[in-house]
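So the sequences go chain by chain: V and A.
For what it's worth, numbering that gives the first Met the number 0 labels the leading residue of the first sequence as 0, then goes sequentially.
For what it's worth, numbering that gives the first Met the number 0 labels the leading residue of the second sequence as 0, then goes sequentially.
Don't take each hint at face value.
Selected chain A positions facing chain V (in silico; Cβ < 8 Å) [stated by the list, open to error]: (1) 196; (2) 198; (3) 199.
Since the hints were derived computationally from the structure, they do not count as laboratory data.
Glycine residues also receive a C-beta, built at the ideal position from the N, C-alpha and C atoms.
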Amino acid sequence: MTVLLRTEGVSKAFGGVQALDGATIEVAQGSITGLIGPNGSGKTTLFNVITGYERPDSGAVYFGDRAITGYSPQRVFAAGIGRTFQLTRIFGRLTVLENMLIAAQHKSPGHQVRNPLARAGGAADRRRAMELLEFTGIAGHASALAGTLSYGQRKLLELAYVLVTDPAIVLLDEPAGGVNPTLINLIGDRITDLNANGTTFLIVEHNMEFVMGLCQHIAVLDYGTVVAAGPPDIVRNDPRVLDAYLGSATDDEQDE
Amino acid sequence: MNRVVILRACLVGAALAAAAIFPIAFTNQLVLTMGFFTLLYIVAAVAWNLFSGYTGYISLGHAVFFGSGAYVTGIVARDLHLGGAAEFALLPLALAVGALIAVPFGLIALRVRRHTFVVITIAIFFIFQLMAFDLKTTGGTAGLYSPFLPWGPVVFGQRFYYIVLALAVGTVAISWLIRGSRFGLQLRAIRDDEDRAASLGVRAMPVKLTAFVISGAITGLAGAIWFFYISQILPGSGFDPIFDLTVALMAFFGGLGTVSGPLLGALIIEPVQYYLNFQINNGYLSQIVLGALFLLVILFLPRGLVPTVGEKASSWRARRESRALDAGAISAGQVVREQASGPGPIAKGTAR
């Protein structure tokens with residue numbers, strides 16, 4: 000098993016709140032890895048640290064053999080790590096297709112010297128964008144303003160435009176949160192399809208059915224620390240995980 | 000689709016022809032003056048919009064470029080003792096001044112966003128106005144005069160009209176090119192979510208700054224032409240806060256971030272303002288009307304004329320298409336339903 004993405008002892012505090020406390024996770028190449036944990040356990044903060052939106056106080060992030068700790072979001076994305084947001088971040092007043100073209104900037108290495116007044120998006124970019132929109136099932140909305148899409152469709156659009164650059168790994172922050180069951184199934188199917196073609200996934204999700212069905216490996220965060228990791232069946236029955244979600248007598252004492 | 004393109008080309012052609020004939024048809028000086036100022040404000044509003052409209056960074060400091068273009072050409076013309084039409088050789092200088100000022104101005108102001116950006120632009124505007132008042136070379140409160148142009152009144156009006164018409168056509172063309180380009184897409188992505196755009200590889204600062212420089216350069220050029228036309232500049236007229244408000248209002252009114260919006264806004268608002276000024280002969284009243292108009296636009300047309308009307312038209316077209324689809328795909332079930340519910344939507348439409 001090769002490890003594609005690894006965090007080592009990442010800590011991050013916001014004022015007096017220790018959001019991450021030595022979090023260490025490993026994502027195997029070609030896997031779908033889940034990251035779960037109760038609210039406030041530091042899942043999104045860990046995503047932010049990995050993708051360059053937050054700087055860790057200590058610890059390191061490795062992408063393959065490369066240390067990417069403290070990279071800007073742009074460099075992280077260029078390195079091959081795509082990311083979607085819990086509350087989607089799409090460009091509401093651009094059309095769906097234009098959203099895709101913005102994400103396509105990185106693809107051609109010489110993009111900075113291209114004629115800036117050229118029409119937005121070359122034929123190849125447009126074709127690829129439409130393919131991905133077909134793949135995620137929102138091609139029919141290509142010329143609609145992205146702001147008019149439903150919440151679930153926005154999630155699909157964000158997934159589609161992250162895929163434009165063929166990232167090696169995609170980090171999804173609650174892909175199924177607030178989405179209707181039909182779309183949840185569609186999103187799950189698309190993740191499985193992409194994974195079969197070699198894309199690695201790291202997924203934060205509260206929908207246990209979704210996570211357990213999709214992921215081969217799961218890490219559980221609690222108070223900023225990984226308390227358990229392993230295949231779904233083992234994690235599901237781990238007493239530390241139950242503690243994290245339901246609390247226990249000893250836990251309460253520690254709190255006080 | 001093709002029909003729309005042809006229709007649009009015809010419209011543009013007709014507008015250009017009308018604009019070209021205008022000073023020959025109306026040689027009345029007052030009308031020529033109105034034509035000149037309308038075109039000048041089209042230049043200013045379109046130039047303002049290609050930065051502020053596309054990026055969402057609302058600048059209330061564009062008078063800095065306008066005044067600087069005017070002042071610098073005035074100072075150079077005076078110091079070099081240029082006479083008559085030789086002053087027009089200084090127009091490239093006005094363009095350069097606008098661009099050069101936009102670089103440090105942008106590097107400072109574009110570090111902050113939204114309201115803070117607006118406040119910074121206003122602050123920089125007042126610094127420039129103060130410099131015009133206090134520096135020796137600007138002539139202080141007495142201002143500057145441009146070289147005298149030995150043209151008869153009608154020729155004068157017509158020549159200036161065509162100069163500013165050429166500039167307006169060029170500016171609209173630039174705005175249109177940018178809007179459809181990769182660069183324009185980057186600007187609009189910055190407007191919607193700058194951080195996300197940056198994370199996707201848009202180099203936000205250089206992109207914003209480039210638009211600001213283009214916008215500033217054109218505005219500087221407009222300032223110089225305005226100065227040659229009215230032949231005198233004062234600190235309060237060159238660096239005029241009303242200029243900033245007017246230009247922003249025109250763009251808001253027509254539709255922020257569209258190509259035709261600021262053009263339409265200027266085309267409607269400037270003649271109205273000119274007429275009010277002339278009829279009522281009370282400078283303050285037209286400003287009150289302007290302010291009231293601003294409030295009305297924000298309340299009832301927050302996105303501006305062009306997007307609102309465009310949306311109405313496209314939703315009407317979509318409704319018509321879906322009706323046509325319904326009518327085409329009548330299944331047995333639909334027939335029953337329509338019979339049960341009385342006349343269908345099409346019948347209702349024709350009955351009205």
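Interface hint check: residue 196 of chain A, Cβ to nearest Cβ on chain V, cutoff 8 Å. Holds or violated? Interface hint status for residue 196 of chain A: holds (6 Å vs cutoff 8 Å).
Per-residue hint verdict: residue 199 of chain A, partner chain V, C-beta under 8 Å: holds (5 Å)
Proposed interface contact between residue 198 of chain A and chain V, which counts if any beta carbon pair is under 8 Å: holds (4 Å)
In terms of the numbered hints stated before, the structure departs from none.
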